[in-house]
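**Q** Working from the sequences, and respecting the hints, build out all of it.
In the order they appear, the protein sequences are chains A and C. Mapping of the first sequence onto the numbering used here: position 227 corresponds to residue 1603, and the numbering continues sequentially without gaps. Mapping of the second sequence onto the numbering used here: position 89 corresponds to residue 91, and the numbering continues sequentially without gaps.
Warning: the hint list may mix true and false statements.
To be verified - Listed below are several chain C residues computed to face chain A (Cβ distance under 10 Å; list not exhaustive):
no.: 1; residue: Arg56
no.: 2; residue: Ile57
no.: 3; residue: Val84
no.: 4; residue: Cys85
no.: 5; residue: Gly89
Derived by calculation from the structure, the hints in this document are not laboratory data. None of these values were measured; they are calculated from a predicted model. Where a beta carbon is used, it is the ideal one built from N, C-alpha and C, also for glycine.
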Amino acid sequence: MDARTPPPELPEIGPRTNSLDILAHGKAQAARRGFDRTFIVDVDSHIGESGNWPEVLKYIENDATREAAFTFGGGTGQGAFLNDIPGLQWQSAHGRIPHGSGLKEPAPDGLPKPVSLARRAMDALSLDYQVFFPNGLLFLGMHPVREMEVELATAYNRWIVEEVLPHEPRMKAMLYLPFNVPDAAEAMVKRFIGAPGVVGFLVTSTRYQAVHANEYMRTYAMLEEAGMPIGFHAHHNWHNEYTKQLNRFISMHALSFVLSNLVHLTNWVINGLPERFPKLKTIWIESGLAWVPFLMQRLDHEYLMRRSEAPLLKRLPSEYMREMFYTSQPMEAQNMKLLEGTFEAINAETQLLYASDWPHWDFDVPSTIFDLPFLSDTGRRNILGYNAARLFNLEVPARYGQMAAE
Amino acid sequence: MKDVFVGLDAEIPEGGRKVVVAEGVEIGVFRVDGGLLAWRNECPHQGGPVCQGRIMPGVEERLDGERKSLGIHYKAGSLVVVCPWHGYEFDIHTGAHEGLSSIRLAPHPVSVRNGEVFVGIRG
Ligand code: FES
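**A** Printed below as a string of structure tokens:
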């Protein structure tokens, strides 16, 4: 190189940087590791709704609510009826992690923005499929107006099925179940089951509803019969009496994402739901992994002493838990020995699903799984893609050849 | 080791930086306290573009004489670069993570000759 020609320069990454540039190192990692020969499914990513919320509102089926929605946001409908709780705006660590406050990059006209952004992420991270869930709905289970959960969830599910999924076959959705109104949850399954691109249904875990309530049994039976998984997606909750004591976002975030799923999974197992619905597949999403061996040990320990309180169980709680599915992110990887033990405890090679959580602040790139020193080649490939392909019935592109063995 | 020209000394202001791709290697050159330091643009966490993150002071929690907290404040004289992927903060002077000094950025030699800045890259 001519000593006087400066080399190409890379700019600071900010809130409006294109995600292809933010994730350029992800693309380089993919090239170095040969991800073009690796089938990868991202089981949990997110779409921001800020730009699209007015489009979603057009799908509200009650005309009075729909019209009322457009009195919000100075007549634009932006943010209408959403019940964001304190915390979401803290994700960027006060501007230190620019994408943590949402992707603000421009996207071309003519396509819903979530499709353009998903394509960029899939391109950068070398993903074959991406399952997504909207940010704004993560809190909806805490909405003070019970019916609003149903109205907004219906609108959102319709928007996804009618306006988003048809554009991009690599995008897949787990639709929102308005779980605070059991009849509505059941109706939602009936209405959308079989819709192209819908691979499951999802309960946002931040809510105060016991998953074993008898009102949910018909919904579970329908999902089981259809071979559709149910996911429980954790989120934070700074309003809980316990979490209110935590004065830093780090503390609340670390505990809160686990707390809701600890409660729901405990109810799920102790009330014998795996015995009642043996073919219903459950996925525990975005609580990380370290909590699972904790809960396995805790429940096994007490089950042996108080079996009379869990008479539907025929095996140890941990044995049922080893048959459930877990998403990998945010994977606690500071202690490899403990992580390896966790993988063994949860049968990760067949039960773990890679998830990026992009574009949230604590996302994981696929190399976090690919580079783990203790995985077998089959296990690595299963976790990155084939476990998800089996669970969601996804077609594996022919170029990848044979599916990794179970 | 090969010396690669990255730009003019005058281009990098105090508290500023220039991130370049030199011979296929991404390197950030930072100016702190008048001197230049160069770090590889690859975060030891998940490989993110650390040198392209925000430059800002690190923070400290201050206590009074009774060890009561006086809150979190910017630390005088400190300057960190924050990896934009997940927020790991590195002291620009030392390249060490603010919370665990064993996590470090990879250094590159940097030199100035006749107003021109060069970084050393292993050939
Ligand atoms: S890659 Fe830099 S903080 Fe994660």
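**Q** Which of the stated hints cannot be reconciled with the structure, identified by number in ascending sequence?
**A** As far as the earlier hints go, not one is violated by this structure.
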